[in-house]
Structures are given as structure tokens and as C-alpha cells.
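A.B. asks: Each chain is listed here by its residues.
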Amino acid sequence: MAMTATETAQRAEGSRDFVGMPTGASSPPALDRSAVTFDGDGAAFFRLAIKGSLLQLPTFGFYRFWLINDIRRHLWGHTRLGLDRLEYLGTANELLIGFLFALAIILPLNVLIFGASLGLEFIHPALSFLGGLGILIFSQYALYRARRYRLSRTVFRGVRFGMNGSGFSYLVRATLWSLLTILTLGLAYPWQATALERYKMRHTFFGNLEGRFDGAAWILFKRGIGLWLIVAAVITAVIAVPLIVLGAEDAKKPFGLWILALLVLIPLGVLTTICAWSLLRAIRMRWGIEGIRFGEVAFSSSLSKGTYLKAYFKLFLAVIAFGVVAALLFGATYAILFKVLGLPVEIPSTRKFLHLSSMQQIAVALKVVLGYLFFGLGIGALKRRLVDWQVWKEISRTTTIANLVVLDAVIADAGPVAGSLGEGLADALDLGAF
Amino acid sequence: MSQQPAQATYFDGVVTRRRSVTLRFDTALDIIENDTVIARWPYGDIRRIDHSNEGERYGCLSAASTARLEISGPEAIARIEQACLQLDTGASKRALPKIIFWSVCAAASLVMLALFGMPWLAERITPLIPASVESKLGDALDGQVRGLFGGKTCNSPAGRAALDILTGELSRQTGLRMPLKVEVISSPIPNAVALPGGRIYIFQGLLTRADDLDGFAGVIGHEMGHIAHRDGLRQLVRAGGTSFLLGLLFGDVTGAGAVIFAGRQLLDSAYSRDAETQADRTAADAMLALGRSPAAMGKLLVKLTGEDGQGLPIFFRSHPYSRERASILASLDKGISGKPLLDESQWQALRAICK
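As they're listed, the protein sequences go chains A and B. Mind the numbering: the first sequence is residues 1 to 434 in the numbering used here, read in order. Mind the numbering: the second sequence is residues 435 to 789 in the numbering used here, read in order.
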């Protein structure tokens with residue numbers, strides 16, 4: 001080729017897009033476009049998620065490693081880049097071991113934090129907040145290492161992906177950029193995202209082919225600024241309107257008006273922010289995909305803005321439906337059970353609870369714990385199917401790859417394969433995603 | 435069996451190039467490209483990696499770990515199945531029973547640790563915690579206790595004064611070094627609670643049911659004993675650690691759940707038998723030093739646990755235990771040799787503290 005994809009893209013920037021192809025640092029006049037396809041079955045996946053949730057009960061949660069592994073095999077294995085499928089080589093045992101290693105690191109840390117925050121909390125509430133902050137920062141390290149693990153277990157056409165670079169270096173960058181983003185109320189985020197993606201992709205490789213990120217910060221800024229302004233306006237209104245109403249001269253019935261304003265404005269504000277955040281998430285994802293490069297191979301995306309929003313909304317409806325049905329079933333089962341055992345069905349207050357016998361207290365406590373677990377696991381399964389799986393499918397459907405043919409000449413990298421400590425840390429710190 | 439050479443797609447695991455090959459079923463599986471044998475896979479080493487709409491994908495243990503053979507023709511697949519007897523060995527056989535077994539073992543060991551390890555650990559750690567931290571903890575728990583039991587503190591001036599006199603005398607005898615905060619809460623529960631950091635809450639129910647001042651004083655002395663021995667703090671450490679361990683089981687490694695539950699746990703778990711005995715001892719010693727009878731406290735205990743049977747929460751839970759305690763206290767009795775701790779009007783004022 002006379003020009004690299006990057007040079008072409010730089011020329012094409014600002015020009016009208018091809019039909020169906022996005023603008024920005026991507027899509028050269030492609031000689032070769034390949035589709036990403038996903039042929040996984042939603043119902044089969046949902047069964048997988050349910051089985052995984054249920055099995056977490058007798059295994060005290062340990063089954064989650066097998067579940068996550070199954071999920072990844074399903075997602076990777078049903079995704080094709082062009083003609084060839086991705087393959088996931090990770091095992092549940094690796095995840096379990098990674099978790100155990102991570103535990104060895106995190107447990108002492110947590111005891112320290114717990115002890116320190118107990119002693120310090122009453123002197124200075126902010127200091128116990130530092131513990132949580134520390135975990136937040138450290139989680140960037142975990143995420144980096146987890147990504148490394150996942151990439152190293154991904155195989156395409158018989159060759160592995162890989163990642164080098166330093167988790168700590170990434171942690172430092174992520175922390176400093178996050179500070180800037182917070183200080184600028186989010187406006188600096190496009191530059192944060194660009195810097196971090198560049199670092200990650202620079203250290204990502206497919207065989208001997210190095211990765212790269214060509215996304216431009218100001219494009220993300222352009223795409224997202226509208227929503228940012230809307231959210232800013234809403235938040236300002238939520239804060240300002242009550243203040244204005246309060247300070248109104250005719251103080252006849254400001255109280256009632258104020259309450260009403262709050263009851264309307266705050267839910268509205270929260271809803272708007274959630275919707276805006278969902279839209280921004282999709283915008284960010286699309287922009288992130290469009291910037292991915294491996295040599296001449298370029299990704300482009302037409303991911304719709306509403307992808308996450310639709311998924312969350314469906315999840316919301318499903319959770320309500322599930323909640324209602326489950327509450328009825330659960331409540332009915334326990335009412336019958338308690339009647340049979342002679343236990344009081346209604347426990348009106350904690351005082352009454354303390355007056356029950358130990359056996360009765362245990363029975364009630366068990367009901368609460370099991371109910372909590374049941375709802376939690378059920379919602380977990382729903383989220384996996386309706387959000388995680390759905391979004392993966394949507395991303396596959398809307399992503400195309402240019403110059404995939406270049407990949408014919410990639411040579412496998414003979415380096416050592418990453419360990420699963422990062423995965424373990426991410427799991428121990430409860431950092432979701434697949 | 436068809437004699438047509440089987441077609442397949444081959445990835446050698448070294449380069450990404452997709453290669454069209456034919457297969458020859460010789461003593462091993464010969465993979466042939468352009469009439470050259472580019473690889474030989476022993477039948478015993480061939481494993482099935484995956485299957486999809488397009489066909490089957492195989493790997494080989496003795497080949498590169500990511501080398502793949504993709505076969506879509508049903509005849510070819512059938513021949514592979516016939517020739518390779520170990521296609522699915524070592525495939526992640528789920529072995530669910532094994533997973534459940536080991537999970538239960540892990541859970542059991544965590545529970546054992548909680549039941550036996552935590553008390554021992556609490557015993558070691560508690561002396562190391564400074565009094566200032568303990569009183570801060572007590573402050574935090576204070577809110578929870580108040581919320582849990584509801585009710586307001588009773589503060590009639592005469593009752594308050596009487597209470598201060600009584601607690602003053604008792605605390606002198608128990609040799610408590612930390613400042614005490616004793617309050618009466620207007621709740622019908624016949625009980626008393628000692629929190630880390632020197633707070634004692636007496637519930638009005640105890641006052642109304644205690645006919646004998648000495649019995650009531652004994653209970654207060656008992657609570658002071660708990661404070662002097664830092665039983666509440668020890669319990670908190672143990673409960674916190676236990677919650678933490680159990681939280682591990684369910685994936686809550688950060689201990690957030692432990693913080694939430696620790697306070698509740700304190701109130702909901704009985705002190706160890708040893709701690710109760712020690713506290714009884716402290717109370718008895720204090721009463722004896724004041725020339726009063728420890729037996730009255732024992733009688734009060736039996737009366738309270740006899741009344742409600744199973745209904746009593748927490749500290750008076752095991753009534754056979756109460757009888758044992760009562761008989762021990764009675765055996766320590768040396769008769770009355772001192773004056774009453776409060777005169778009649780003070781005692782009545784105290785009993786009416788919530789009016």
C-alpha cells in the first residue's frame with residue numbers, strides 16, 4: 001500500500017464519511033473490509049448464566065470462576081473476525097489460583113485498612129475514605145493485569161495476543177489523569193481516555209504485530225460535549241432552582257413549592273444523568289474501537305449511541321418483573337413454611353425479633369440471607385444476558401475490520417504467557433466485566 | 435469409508451496464515467499441503483478443542499499449543515472420531531461434585547477458623563487496643579444500641595442522683611479506671627448492656643423487676659466487670675473478625691460487610707462462659723467489699739430468666755446457666771455487714787427515674 005492506514009485517515013479527517021462509515025481517525029478507502037460476526041444463542045447463554053448463578057449457592061460462590069470461564073468461551077468462541085473464530089484458552093483453575101494469590105496480598109492490606117479506619121474514623125471521617133480511595137487506585141493496576149491475562153488467553157488463527165508494559169506505570173497514569181478529569185468536572189476525560197488507550201494499545205500485540213491507538217481526543221470531546229452540557233445544565237437546575245425558590249421574596253408557601261421542586265427535580269436529574277452516562281458510554285466505546293490498530297489492520301465501528309441505554313432499560317424492566325414474581329413466590333413459600341413451623345410470619349420490629357428464641361431468630365435470619373442471595377444471583381444472571389451478552393453482540397454486529405488480509409503474515413510471539421494474578425485481583429476487588 | 439483425501443484448514447500455531455491441507459490417515463495423521471507432509475499428529479494426542487456450525491476444531495498435545503485443524507466435512511470428521519480415541523480426554527470435565535466438595539471444605543475451614551481461631555485471636559489483640567480507640571468504638575456502637583432498643587434515657591434528677599451514688603460506690607470497689615457513663619433507658623426489657631468504652635445501659639424493665647437493691651447493684655457490678663475486663667471490646671474484635679471471614683466466603687474481601695455487621699454482632703452474641711463467670715466474680719467481690727450480699731443478684735437472675743423462659747434475649751439466654759450462677763453467688767454470701775448502698779427514698783427515686 002502506498003500509504004499507511006494512519007496517513008490515509010489523517011487525510012480523510014474532516015471530510016464527509018463514506019456511506020455507512022464513520023468519520024474520524026479510521027476507515028481508509030478500504031481495499032478489504034471484513035465483518036465481525038457473532039453467532040451465539042441468547043437463550044443458551046441465559047441458561048448458562050442461570051446455571052452459574054444457582055451453582056454459586058452450594059459452592060459458596062466459588063463456582064463463579066467456572067461461570068466466568070464458560071462465559072468467555074461462549075463469547076470468544078462465537079465471535080468471528082472475518083472467517084475465523086476467536087478462541088479463549090483460559091481455565092477456571094487459573095482464575096481460582098489468581099484469586100488465591102490476590103487474597104494473600106489483599107487480606108493483610110484490608111486488615112490494616114480496617115484497623116486503621118476504625119481507629120481513625122472518629123478522629124477524621126475523611127481518613128477512612130482514604131481506604132476506599134486506595135482500593136480504587138489499586139484497582140487500575142488490577143484491571144491492567146486482568147486485561148493482560150485475557151489477551152494472552154485469546155487466540156486467533158493459532159496465534160496468541162499479548163500485552164506487556166507495567167501495571168504500576170498504568171496505575172500512575174490513570175490516577176494522575178483521573179485527578180485532572182475530576183478537577184475539570186469531566187471535561188478532560190477525552191484526553192485521559194486517549195492517553196490511557198494509547199498506553200494500553202502500545203503494549204498490546206498480536207503475535208509479532210504491535211498494536212497502536214489512533215483515536216483523537218478532540219473527536220471524543222466533540223461527540224460527547226453535548227451530553228455533558230445537558231447533564232451540567234440539569235445538575236445546575238437541581239441545585240439552583242430550590243435555592244431560587246427558597247430565596248423568593250413572597251415567602252407565602254415556599255416550603256411546599258420547594259419540596260415539590262425537589263421531588264420532581266432530583267429524580268429527573270438522576271434519570272437524566274443515568275441516561276446521559278449510558279449514551280456517553282456507548283460513544284466512548286465506539287470511539288475506542290475506531291482507534292484500534294494492528295499494523296495496517298484498522299477497526300471501525302457504527303455502534304449506536306443507545307446500545308447501553310436500551311440494554312439497561314430492558315434490564316430495569318426485567319429486574320422489576322423478576323422482583324415481583326420472586327417476592328410473591330418467596331413470600332408465599334416462607335409464609336407456608338413458617339406457619340408449619342409455628343413461627344411468626346411478620347416480624348414488626350427489631351425488639352420483637354430479640355424476643356424470639358434462638359431457633360426462631362436463626363430461621364428469620366436465614367430467610368433474609370437466602371432472599372438476599374436469591375435476588376442478587378437472579379439479577380446477576382439477568383444482567384449478564386441483557387447487558388453483557390447483548391452489548392457484546394451489538395459491538396460485534398457494528399464493528400468492521402479493514403485490511404484483515406495483512407494478518408496472514410503475523411508470527412507468533414514466543415514470550416512467556418501472562419499469569420492470572422491480575423484477574424485474581426480484579427475478582428477480589430469486585431471489579432466486574434467479563 | 436471414502437478414499438477421497440479429506441480437506442481441512444490448518445493453522446500451525448506459528449504463523450497466522452490459513453492453509454488448505456489434505457489429511458492422510460496413516461500411522462499418524464498426516465497433514466499435507468501441496469503434496470508435502472507439513473505435520474504429523476499422533477492419533478493419541480489429538481484433542482477436540484471446539485465445535486461450531488462450520489465443523490470441528492482439533493488441536494494436538496505434541497504440536498504447538500495453538501496449532502489448529504479445522505474440519506467441516508462430515509466424512510472427515512467421522513474418520514477422525516474413529517481414529518482418535520482420546521478426543522475428549524482431559525477436556526475440562528466439569529466434575530461438579532468435586533467443585534462442590536472442595537468449596538464446602540473451604541467454607542468449613544473458614545467457619546472453623548471463625549469459631550476457634552477468632553476467639554484466640556481476639557484474646558491476643560484486645561490488650562493491644564488503647565482505651566481511646568475503645569471509647570471511640572463505644573461511641574459508634576452507642577448510636578446502634580439506642581436505635582436498636584429505642585426508648586429514651588430517663589433523667590429524673592432524684593433518680594439520677596441516686597444512680598450516681600450507687601455507681602460511684604460500685605466503681606470504687608471494682609477499680610475501674612475509665613470514666614463510666616451509666617444511663618437508664620425507658621424500655622420494658624429486663625436487661626443491662628455494657629458497651630466498650632465504659633457505657634452501661636440499664637433498661638427500665640430491670641429496675642421494675644428488681645425488688646432488692648442488692649440484686650440490682652449486683653447486676654450493675656456485673657456489667658462493670660465486663661467493662662473492666664474489656665469483654666465488649668474482645669467480643670467486637672471477635673465478631674468483626676468472624677464477619678470478615680464469613681464475608682470472604684461470599685466474596686466480600688474488602689470487609690465492608692464486616693463493618694456493618696460487627697456492631698450488631700456484639701449485641702447478638704453471648705459472652706463466653708468464662709467472661710460471665712469473671713464478671714460475676716467482680717460483682718460478688720464488690721458487693722462483699724461493701725458488706726452486702728452477692729446472693730441477691732443470683733436470685734434476681736433466676737427470677738428474670740424464670741419469668742420469660744425462652745423470651746429473653748442475649749445475656750440471660752441460658753437459664754440453667756442462671757441457676758448455676760445463682761448457686762455460686764449464694765455460696766459466696768457472707769451475710770450483711772455493711773449499710774444499704776442507698777437509703778429507701780433514694781432507691782425509690784431510682785426506681786422512678788423514668789417518670
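Hints in this document: simulated from the structure, not taken from any laboratory. A few of these clues could be false.
A few chain B positions that, by computed beta-carbon distances, are all more than 12 Å from chain A [unchecked claim]:
(1) Asp446
(2) Glu488
(3) Leu614
Stretches of chain B that chain A covers, calculated by requiring three or more beta carbons in the stretch to come under 8 Å of a beta carbon on chain A [what the hints assert, rightly or not]:
(4) 447–455
(5) 529–538
Here a beta-carbon is modelled for each residue, glycine too, at the ideal position from N, C-alpha and C.
A.B. asks: Each of the hints needs a verdict: does it hold here or not?
C.D. replies: Okay, the hints, checked on the actual structure:
no. : hint    : result
1   : Asp446  : violated (6 Å)
2   : Glu488  : violated (8 Å)
3   : Leu614  : holds (20 Å)
4   : 447–455 : holds (count 6)
5   : 529–538 : holds (count 6)
In the structure shown, a violation is registered for the earlier hints numbered 1, 2, in ascending order.
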